[in-house]
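Engineer: Residue numbers (our numbering), protein chains in the order written: chain Y, 1 to 100; chain C, 1 to 485; chain U, 1 to 485.
Please keep in mind that the hints were generated in silico from the structure rather than gathered at the bench. Just so it is clear, the structure is predicted and the values come from calculations on it, not from any experiment. Every residue gets a Cβ at the ideal spot worked out from N, C-alpha and C, and that includes glycine. Treat the hints with caution; some may be incorrect.
[To be verified] Chain U side only, calculated, beta carbon under 10 Å to chain Y, not exhaustive: (1) Lys34; (2) Glu35; (3) Gln37; (4) Leu199; (5) Ile222; (6) Ile259; (7) Tyr262; (8) Asn264; (9) Ala265; (10) Ser266; (11) Ser267; (12) Lys270; (13) Val308; (14) Thr316; (15) Ser472.
[Claimed, not checked] Incomplete in silico selection of chain C near chain Y, CB under 8 Å: (16) Asn36; (17) His136; (18) Gln468; (19) Asn470; (20) Leu473.
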Amino acid sequence: MEERKFTSEMVDDYADKLLIGLTREENQMVLDEFDVIDAQIDIINEIPNIADVPPMTHCLDDFTYELREDEEEESISIDDALANCDDYAGDEIKVPKVVG
Amino acid sequence: MEDYQVLIGLEMHCEISETKTKVFSSAKNGYSEEPNSHIRPVDMAFPGTLPVVNKEAVKLALKASMILHCTQPEYMYFERKNYYYPDLPKGFQITQETKPAPVGSYGYLDFECKGESKRVRINNIHLEEDAASTDHYPTFSTIDYNRAGVPLLELVTEPDLHSAEEAVAFLETMRSIYQYAGISEADSRKGQIRCDVNVSIMDKGKDASNPKNWGTKVEIKNVNSFGGVRDAINYEIERQIALKEDGTYDEMEQQTRRWDEDTFSTIYMRSKVDAIDYKYFVEPNIPKFKLSPDWLESIRASIPELAPERKEKYEKVYHLSSYDAQVLVKEKAVSDYYEETISLGADPKGAANWITSVILGYLNKEELEIKDLYLTPTMLVDLMDMVKSGKISSKQSKEVLNKVLEEKKAPKEIVKKLGVTQISDDKTIRDIVVKVLDEHPDLIEDHRKGKNTFDFFVGQVMKATRGQANPSLTAQIIHEEIDKR
Amino acid sequence: MTYMDKGLVEIHEALKSGKVTSQELISESLKKSKEVQEKCNAFVTILEDAKETPVTEDILSGIPYGIKDNYSTKGILSTGSSNTLKDYVPFFTATAISNLESHGAVAVNKTVMDEFGMGGTGTTGHTGIVKNPWDQTRMCAGSSAGSAAAVAAGVYPYATGSDTGDSIRKPAAYCGIVGYKPTYGMISRYGLFPFASSLDHCGVLARSVEDAAIVVDGMKGIDKNDMTSWDSSNMHLYDSLTKDIKGKKVCTIKEIADISMYPNASSELKEHLENFHNTLKHFQDLGVEVEEVSVDQTLLNALASVYVVISCAEATSNMSNLTGIIFGPRSDADNYIDMMKNYRTTGFSPLIKRRFVIGSYVLQAQNKDRYFHNAQRVRRLLVDRWKEIFKNYDAVILPVGSGPAKKFDEDKDMLDHNTQVLEEHLQVGNFGGFPSITIPDGFVSGLPVGINITGNCYDDINVLNIAYALESTMPYKNQIVKEEH
């Protein structure tokens, strides 16, 4: 079998950077699903002149719109801002100490 | 030091302070003591909120791009820079990373350092959003979202600077541009300016225009004052030279360090190998925006006179010395004050003297800014007019000014209150002169013989008028009366 | 007499004539909600205190409906069917929902979905799996599973949905109802919890084309909070409905719909495709020409991966705001990294976590071009191909899925090679932002199946009319679950 592009260690490393933990089974499922995708991407790479196609970054790019005028809207209230927060001090959200 | 040349590149972040609202949110753009008082839902990334681009922020960013001789993109768009940090509510920052997204690419800026003209190439300037601010307590930190979403301009130079002085001179020039163009107060004390500095050294004599000859790049993150930039660069140059002399320079890896003000040194953070992958991609919620040539033209036309143009005007039209002109244009607020004074009819040279010698000295001593000065340009003009018309003497005017600033009352009021006013009436002075001369016929003789008794006569007149006689008129009348005898 | 199993116009007329009140409709809908909750687990929240609204000329006034739980609703729990937001009560309402409110529509429940829309089974919501009201051993498909189940079961005439791949149009088929997503940007996404911003659409699940048109008329409109929304005030979907589509030309795609493409086809698949081709024959009676076109098999084979790559990449970024700091149940930890990590690890379902890792991989600097950019390139090729088809045809007509609703033990969320194109082709409608509608077209194994009509951007009226006319040739309009089937 060809050497894997995406290894179990890499999966864990990526998950860690996304601030999520994976079980062994979940890790394996990522690899299995990835293999299917990777094989299909191989097909894409065989499309002639694929590199010349501009990536489609937006759903629609053919309509006109205006940038927002610089007009202020009222601030939301502190009560609304903090209503769903489990930990705050005074009017500010509290987190474990953040060090540089 | 003389064996090496230094290459310095800067990344200068400056908040745009001159919009009413934030860059992707319609919350107020402005500092507040009250935490979380300038927020719209998108600033705290509540689920389902979307960024909406502020036209004025784009306009000001384009203005900066034009001043820096950059190319503006045909279509403007934004990208996401993804990373996790408690001050970044969305988990990504909306920015412009990949060309041609930035509002400006590949420009340059000419600036002066120690009387020499220098040019630095600009790689790009882009518009992005600021993060929230955090406060730190012994066991926890708190987050205030007022700053989240404030428009930020990031300017990236090529490594064309060669000393700490050049770097600081460049930054001061940029600050002046931001102020003059009405983009930002650019006040580092308010945390509006933050810099990352790249420093590398290479052997002297090699061609610095060839990147192959460059040394290993060290990036110093988050330097928040111009003084810090200067000190961090100087520290880093010495540190790198020491490595060269040790013979260990080649082992140094490309790295990121941070400037620590307490230890006055740069501290290792991470190697290039551990650089964060920000997984940039185009922000799908902000459509690509075509920058119309008409709009760009109207923005270009709205660029005001900047410091170098004003300085030239002061020298050529107002005949000020280069030094005085430089002092006046250094801070836009001072220059504006000067221009307003002139527009009210003041003599340009006189006004320049007042501002450079008296007013700036006072502000410096009191640690005030010109916007805090009680004396308005109108009051300054009144004061200058009173001297010009002979109502008060030049010497008196200084006293009047001191009282104006002390008591916060208009010059006219002070003059009235102190009773300081100059006697410029011919007959009044002449009567006194005649009386003084009559009392000292011997001294008139001495005067004719060539002895200097003239000052004595002036002194006597001043004594008799408690210093209020117009000095030049007094001298003239004394001459006339002596000649008559 | 029940009303919640009727069409909007009929209910509206009953309200107008005083045969029934809004309050009575609400009571009927709430009662039915509880029955369906018992049977299908379709709701996250049932709004027991839903208030009647005045009956006006507006068809939607006074009539109950359901909201998919990824729409932000002020003062009402909005979870996106995720543990990460299990207690989240927003302080603002999604634009599409406030638009419906302004038409007098009455929300009576929030419906279960696949967590944040990331899934096509209706089995990954934090409140458990949603069962198909036609057969409770089968899934509804997803992600708008609860909305589809409730509308099919006659809880109310319509519910909102969202569609990133086929999340409205697939469950509509599996539940024997109508699912319509209009052109991207016709309905504002402000307040819709994002899955993949460049693919996410708001839309509706209803029991007739007429009702779908009425509801989208009520949801749509340009929104200053969504830059990708556009002004459709000159488009009146309901008023424009006509069954006269004589002279129109539609096509189907050989590589997707022809039975010869599936040599190992199951009997259900054969039956499904046969039914599809029989439905196409109805177009003859309507005076519509039907042709078959070909699309490059390579593009079609890549379709599913294009979707996974783009949607996972955007999703991993969009859901980076879910850290538990501002909203969501805070995790205990003595440092902020572990705090966020605990929250995310316990809050997200395994499926989502897997997708995030894939999304992150394809965005890494060294992988981005091969995976993400190539996927975006093929997205363009597919959209360009469809647009080319739309030059010659008013719509593309295709079967939905490979048959009727699947049993719970068949996992749909892993990519299956054999019938993949048939299962995933509706995603092209999201790639291009095309208006796309699914209507029921018969039964296979006693369960409903659907047919899809997709047209060019902004051509919603045309798409609706083709669906409206086709619907009129079949007996499935206002179809309600028949248990004995």
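Engineer: If a hint holds in the structure, say so; if it does not, say that too.
Structural biologist: How the hints compare with the structure:
Violation of the interface hint for U:Lys34 is found here, the shortest Cβ-Cβ separation to chain Y being roughly 28 Å, above the 10 Å cut-off. Annotation: U:Glu35 was flagged as interfacial toward chain Y, and the flag is violated, the nearest CB pair being 32 Å apart, outside 10 Å. Hint status for U:Gln37 relative to chain Y: violated, with the closest Cβ pair at about 25 Å, above 10 Å. The beta carbon of U:Leu199 is positioned within 10 Å of a beta carbon in chain Y (closest approach about 7 Å), and the interface hint is therefore held.
Evaluation of the U:Ile222 hint against chain Y yields a held restraint, the C-beta minimum of about 9 Å falling below 10 Å. The beta carbon of U:Ile259 comes no nearer than 24 Å to any beta carbon in chain Y, farther than 10 Å, and the hint placing it at the interface is violated. Interface hint status for U:Tyr262: violated, as the beta-carbon distance to the closest one in chain Y is roughly 19 Å, over 10 Å. A hinted interface residue such as U:Asn264 counts as satisfied when its beta carbon comes closer than 10 Å to some beta carbon of chain Y; here the least separation is about 19 Å, so the hint is violated.
Taken as an interface hint, U:Ala265 does not check out: its beta carbon lies about 21 Å from the nearest beta carbon of chain Y, beyond 10 Å. Restraint check, U:Ser266 versus chain Y: the minimum CB separation of about 21 Å is more than 10 Å; hint violated. Taking 10 Å as the C-beta contact cut-off toward chain Y, the hint placing U:Ser267 at the interface is violated, the least distance being around 26 Å. Against a cut-off of 10 Å between C-beta atoms, the interface hint on U:Lys270 is violated, since the closest Cβ of chain Y lies about 26 Å away.
A hinted interface residue such as U:Val308 counts as satisfied when its beta carbon comes closer than 10 Å to some beta carbon of chain Y; here the least separation is about 6 Å, so the hint holds. Hint status for U:Thr316: holds, given a least beta-carbon distance of 7 Å to chain Y, under 10 Å. Against a cut-off of 10 Å between C-beta atoms, the interface hint on U:Ser472 is violated, since the closest Cβ of chain Y lies about 31 Å away. For C:Asn36, the interface hint holds, since its Cβ comes within 8 Å of a Cβ in chain Y; the closest pair sits about 5 Å apart.
The criterion of a C-beta within 8 Å of any C-beta in chain Y is met by C:His136, whose closest approach is roughly 7 Å, and the hint holds. The beta carbon of C:Gln468 comes no nearer than 56 Å to any beta carbon in chain Y, farther than 8 Å, and the hint placing it at the interface is violated. With 8 Å as the threshold, the beta carbon of C:Asn470 stays out of range of chain Y, its nearest partner Cβ sitting at about 56 Å, so the hint is violated. At about 58 Å, the closest approach between the beta carbon of C:Leu473 and any beta carbon in chain Y exceeds 8 Å, and the interface hint on this residue is violated.
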